[in-house]
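Residue strings, one per chain:
2 protein chains.
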Amino acid sequence: MWEDWKSLIVEMRKGSVRGLARLITRVENREPGWMDAMQMIYPMTGNACVIGITGSPGAGKSTLTDRLARELFDRGFKIGIIAVDPSSPFSGGALLGDRLRMKEVSTLDDVFIRSMATRGALGGLNLSARDVVKIMDAFGKDIILIETVGVGQDEVEVVKAADMVLVVCVPGMGDGIQAIKAGIMEIADIFVVNKADQGEADQAVADISAMLELSSDETSSQVPVLKTIAATGEGVLDLVTIMLKLQEVGRIRSSWHEERIKEEILSLLEKEVAYILRCRWDQNGNLDQAVKQVIARKKDPYSIVQEMLALMHLQ
Amino acid sequence: MWEDWKSLIVEMRKGSVRGLARLITRVENREPGWMDAMQMIYPMTGNACVIGITGSPGAGKSTLTDRLARELFDRGFKIGIIAVDPSSPFSGGALLGDRLRMKEVSTLDDVFIRSMATRGALGGLNLSARDVVKIMDAFGKDIILIETVGVGQDEVEVVKAADMVLVVCVPGMGDGIQAIKAGIMEIADIFVVNKADQGEADQAVADISAMLELSSDETSSQVPVLKTIAATGEGVLDLVTIMLKLQEVGRIRSSWHEERIKEEILSLLEKEVAYILRCRWDQNGNLDQAVKQVIARKKDPYSIVQEMLALMHLQ
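Line order of the protein sequences matches chains A and B.
Counting in numbering that gives the first Met the number 0, the first sequence tops out at residue 314, every number present.
Counting in numbering that gives the first Met the number 0, the second sequence tops out at residue 314, every number present.
Bound-form chain A, shown alone (with noise of 0.2 Å):
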């Protein structure tokens, strides 16, 4: 078994990409030995710029994504798309509407796009971008771009796996409130109002302006603001060029370098211990039991997780 992980290693790194996709499949499925396939890629990664780029449904962010994608392969760079889909948390499957967009750049050599879906809490399954990220930077991927959908929690984690974080709005979606109630206002280093011929687009960019300088953060400031049009194209360029000014001064998020592994490990911790308390609990129907005896009124769900938590030394 890990003389097949190996292989499929080596060949990855040989510049398959069919091999990138299998390892990265086999990791996404947790197949036996994932955790030590990954510790033999970890000392290739360190590489690749992570860009994450998030925003509300219906933002173009699939557009933007596929143009900036366009634009830095133009220049010379090896980019790796992952496209975060929260899927339906019933169904399991993720839908294919960013991949009917983002078509045209998929036709060229050396973009590699993966799709994920957030399999949502009800799956019990909470992937991590970042394991496709290290496997994408040890294949040899200078740019990595993570498109995720929603607000929230998604894009916490983008945060969290990226060195450089794109927030697309639009035109008059919300009004000031909301826009900070997402929390997005301390994660962006560049804000894009994207369909710039829509609405009032300027009025826009006064407005998240204003509220950058009303923020407490000292950087926020200095976050540029810039209008896009990503169906014509239109800004792209000057995206692009900021873009790489910004990479250039330094890894953008590289001051909290710490915070970033620390938040590593926790998370690889908990969604290991959340998917193995699952699997576990699963095989032996001692969840079911315990879920009968909630129902029967004869335990709570409180004192169930105390005893579990004993178990394993936790308490």
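Quick caveat, the hints were computed from the structure, so don't treat them as lab data.
One thing to keep in mind: the hints can contain errors.
Any copy, or any two copies together, can satisfy a pair, since identical chains are not distinguished.
Stated by the list, open to error - Derived BS3-like pairs: lysine-lysine, alpha-carbon spacing no greater than 30 Å straight-line: (1) K298 / K13; (2) K291 / K5; (3) K77 / K298.
Put chain B on the given structure of chain A with help from the hints.
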């Protein structure tokens, strides 16, 4: 300490709103003994109907929640409101947008409003709305409205705690593919097209109905799609009528009662494990040590996690 909890629970059960608020705060802060307190509270729960209200930022959820609370209050129900704000991942503080808007209902007696920050993954605390629901339930609330902002993870959390889910959208925001992407099709018991005076509301209703028809889920085609203008109150009466009718038919989600309790136990266990791991590691400085080793490239996060799992007998 235990006497302290006990007298607070007694105070709350006697109808003290201050006792209720203090109890929630102490549970939220995970003060020592909180799990024992929840064990004591658990048998007092099971009467409230929990209604989740979710949808994109800017859809007018807060205004609609306010209107619904007022309508239900007028019909004699005791109402609790939980507003889950995705707080800034960095500051950890929730903004007051919703509170500003909900001022109408907050002046009513017997409507208890509680704002919860989802402290996100960076803060390490994923508080559960479930605990707050249980306390409000034990207090004697008949209907608990949970308003969540954002799409994705948050919605999944709502559905897991709710007996009925309202998905709120506005005309013209995003296209069909985006709406399905967020995985909201399957969790909605009622669709609300709010701000129906803006844009093409009838078209939005038709689009949503068409998507529901196409859904693989048989019950989806029976999901009502309603138009409201929360700001003026238009359509809210119809909405309340349908909500109460659905409730009369029986708890909407009772069919997967077992699944819900299973999730409740696992989610509670995972949150506790995560919390304990973070606290314990941070106390001992082991985590800092591990981070330093990763930065020095002497170790990688994957082997550190494997060592930790072995210590917990989970390897």
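Each hint tested on the structure:
1. Taking the closest pair of Cα atoms, K298 and K13 come within 30 Å of each other only across two copies (25 Å); inside a single copy the shortest separation is 56 Å, beyond that limit.
2. Proximity of K291 and K5 under a CA criterion of 30 Å is satisfied inter-copy only: 28 Å between copies versus 44 Å inside one chain copy.
3. Taking CA atoms no more than 30 Å apart as the test, K77 paired with K298 passes between copies only; the shortest distance there is 28 Å, against 56 Å inside one copy.
Comparing the model with each numbered hint stated earlier shows that all of them hold.
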